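A.B. asks: Please work from the sequences and hints to get the whole structure.
Note that the protein sequences, when read in sequence, are chains P and B.
Using my numbering, you'd call the opening residue of the first sequence number 1 and step up by one each time.
Using my numbering, you'd call the opening residue of the second sequence number 1001 and step up by one each time.
FYI, nobody ran anything at the bench for these hints, they're computed from the structure.
Since the model is a prediction, treat every value here as computed from it, not as a measurement.
Just to be clear, a hint being listed does not mean it is correct.
What the hints assert, rightly or not - Partial chain B-side listing against chain P, Cβ under 7 Å, derived: (1) F1053; (2) F1056; (3) S1117; (4) V1120; (5) T1127; (6) L1129; (7) S1198; (8) Y1263.
To be verified - With a straight-line cut-off of 25 Å between C-alpha atoms, the simulated PhoX-like cross-links for lysine-lysine are: (9) B:K1233 - B:K1158; (10) P:K132 - B:K1043; (11) B:K1233 - P:K222; (12) P:K4 - B:K1104; (13) B:K1103 - P:K9; (14) B:K1103 - P:K4; (15) B:K1100 - P:K9; (16) P:K132 - P:K222; (17) B:K1100 - P:K4; (18) P:K9 - B:K1043.
Glycine included, each C-beta is placed from N, C-alpha and C at the ideal position.
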Amino acid sequence: MIHKTRNDKIFDTLNTVILSLILIVVLYPLVFVLSASISNPLLVIRGEVLLFPKDMTLQAYARVFRDGEVLGGFMNTLLYASTGTLINLAMTTMGAYPLSRPNLQGRKVIMLVILMTMFFNGGLIPTYMVVKSIGIINTYWAMVLPGAISVFHLIVMRTFFENIPQELHEAAVIDGSSQIRTLWSVVLPLSLPIMAVMTLFYGVFHWNSFFNGLIYLSDQSKYPLQLIMRDILINSQMQDMMNLADESAVQQQLMGESIKYALIVVTSLPVLALYPLLQRYFVQGVMIGAIKG
Amino acid sequence: MKKVIPNFQLYLMLVPVLLFFGVFHYWPMYGVQIAFKRFSAMKGILGSEWVGFEHFERFFHSFYFMRLLLNTIGISLYELAVAFPVPIILALMIHEVGGKRFKKAVQTVTYAPHFLSVVVMVGMLATFLSPTTGVVNHLLSFMGFERISFMTEPGWFKTLFVGSHVWQNAGWSSIIYIAALTAIDPQMHEAAAIDGASRLQRIWHINLPGISSTIVILLILNIGSIMNVGFEKIFLMQNDLNIASSDVFATYVYRSGILGAQYSFAAAVGLFNSIVNLILLVAVNLTARRVSGNSLW
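C.D. replies: Below is the structure:
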């Protein structure tokens, strides 16, 4: 071990102090949103809530959960995220597994064809026109098909498959197992960690995405949650959640701000709560990608 | 079949995969030709007439061109100057922490905002910075300053964009550097300490060079995507009042193409953007290989 000098101790103290400040700066907005969402709206707007909630109430949450648009968006997002992630996993595996087998003829060429798409793409308009001309615009498919495979994740998964011992494949072949069967009953059971990472990455992507909805969907009834949230959070469109008849304009504005905070909590909490439990996997995913990428 | 073609089943698996890349990646590349045509939906891509560089010329001579160019490059360089070094410094600092629990706490907390959606991020900006009800303006007025309408002030746009990016992603981006730091041989530190090197000297002369190849690779990737400033966040932060400083190529393509249905013109703008990007990437990669010996290819 290295012996600590006085300067080292000063350094350590300074380092800890600065990192603690960073910790506070990152944490504060998150805590504030939570506190503001359960405080009396009037106190929030006046700036009296700074850290801890005051005069607690769950009114804003009641409005959020009663709102038809938010619930509809939530159901849509659940659908897009679940089917989308399943398609992502299936397609990424079907790409990554064959390309991880050293005896596959032409695998370099196929890999190049796939890698090229990381650097060249048609751009927004030509892609939009393709989605339009295959007739999936304004359908559920437009939300799950155009991003079915992420090249980056395919590389990560392929790297994982390559590290599974060759002997297992050979043993399976000697036992007369077909390639699809080998993948299904030998490789996949050994790949649960990478599948967890992929589920998380793709799942969070679908949960948070609004861009595809913005350009491909025109029916509001198909909008994902994030697109509904954009109208409320950024454009302050939330007439639906107000009792126009028996609330004054001031009361509505008050409630409006609280609803925003509550909505942020409701939509971000599932991901943020899951994340510390799964942090290990997320970080692993980034590392595997980094080593190879 | 199985006997005739070896690995038949593997190729079978690749069919839907290649179909996907064909339809959603290569078909749009083929469709880029509309940038040189006057596209009409009736005639289709092939039937539409060629117009050469007409759309490009119209774009270069338009009022928007300079504004889009300056904003795009301005936002990117600002981001590169601020958001690129912060994760490196953060990683170097986290690496020096002795206490395991404190280290873990810093990492967990700083990674977390990465998982917030763009909509939530911009929504938080809008509510925190609201001139009448936001907590930031309450603090400003409490300290005796004027209230500022941050979200509609063109002068604040770029700073808000870059600042919120750092808040949200600095922790997450530091992961890769922390990983590179743990790979450095601790014996180097011991040897340097025996020779009387201070902590800062050791960080400067051992840790920083130890992760320099990672830094260079990420720098190339960052510079190579200078023209690709994050469309989603800019789009969400953009409003009529700040547009002079927030309008970039990507948002212009969206407006003129998807909203205005000028497909050919918008495709030309998009193509110009990607070509500049590609040239930058190749040039930076070449420079990096000459100067530092590290490169993407």
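A.B. asks: Now tell me if each hint is right for this structure.
C.D. replies: Going through the hints against the structure:
1. F1053: violated (17 Å)
2. F1056: The hint is violated - B:F1056 has no Cβ within 7 Å of chain P, the shortest such distance being about 14 Å.
3. S1117: With a closest approach of 4 Å, the B:S1117 hint holds.
4. V1120: Holds. Min distance 5 Å.
5. T1127: Holds, about 5 Å.
6. L1129: It is violated, given that the least Cβ distance between B:L1129 and chain P is near 11 Å, above 7 Å.
7. S1198: With Cβ-Cβ at 6 Å, under 7 Å, it holds.
8. Y1263: Since the shortest Cβ distance to chain P is 6 Å, the answer is holds.
9. B:K1233 - B:K1158: Holds. B:K1233 to B:K1158 sits at ~12 Å (cutoff 25 Å).
10. P:K132 - B:K1043: holds (15 Å)
11. B:K1233 - P:K222: Status holds; Cα separation ~22 Å.
12. P:K4 - B:K1104: holds (22 Å)
13. B:K1103 - P:K9: With a Cα-Cα distance of about 17 Å, the restraint between B:K1103 and P:K9 holds, given a limit of 25 Å.
14. B:K1103 - P:K4: Between B:K1103 and P:K4 the Cα gap is close to 19 Å, so the pair holds against 25 Å.
15. B:K1100 - P:K9: Holds: B:K1100 and P:K9 sit about 17 Å apart, inside 25 Å.
16. P:K132 - P:K222: Cα-Cα ~17 Å, so holds.
17. B:K1100 - P:K4: With a Cα-Cα distance of about 18 Å, the restraint between B:K1100 and P:K4 holds, given a limit of 25 Å.
18. P:K9 - B:K1043: With a Cα-Cα distance of about 75 Å, the restraint between P:K9 and B:K1043 is violated, given a limit of 25 Å.
In the structure shown, a violation is registered for the earlier hints numbered 1, 2, 6 and 18, in ascending order.
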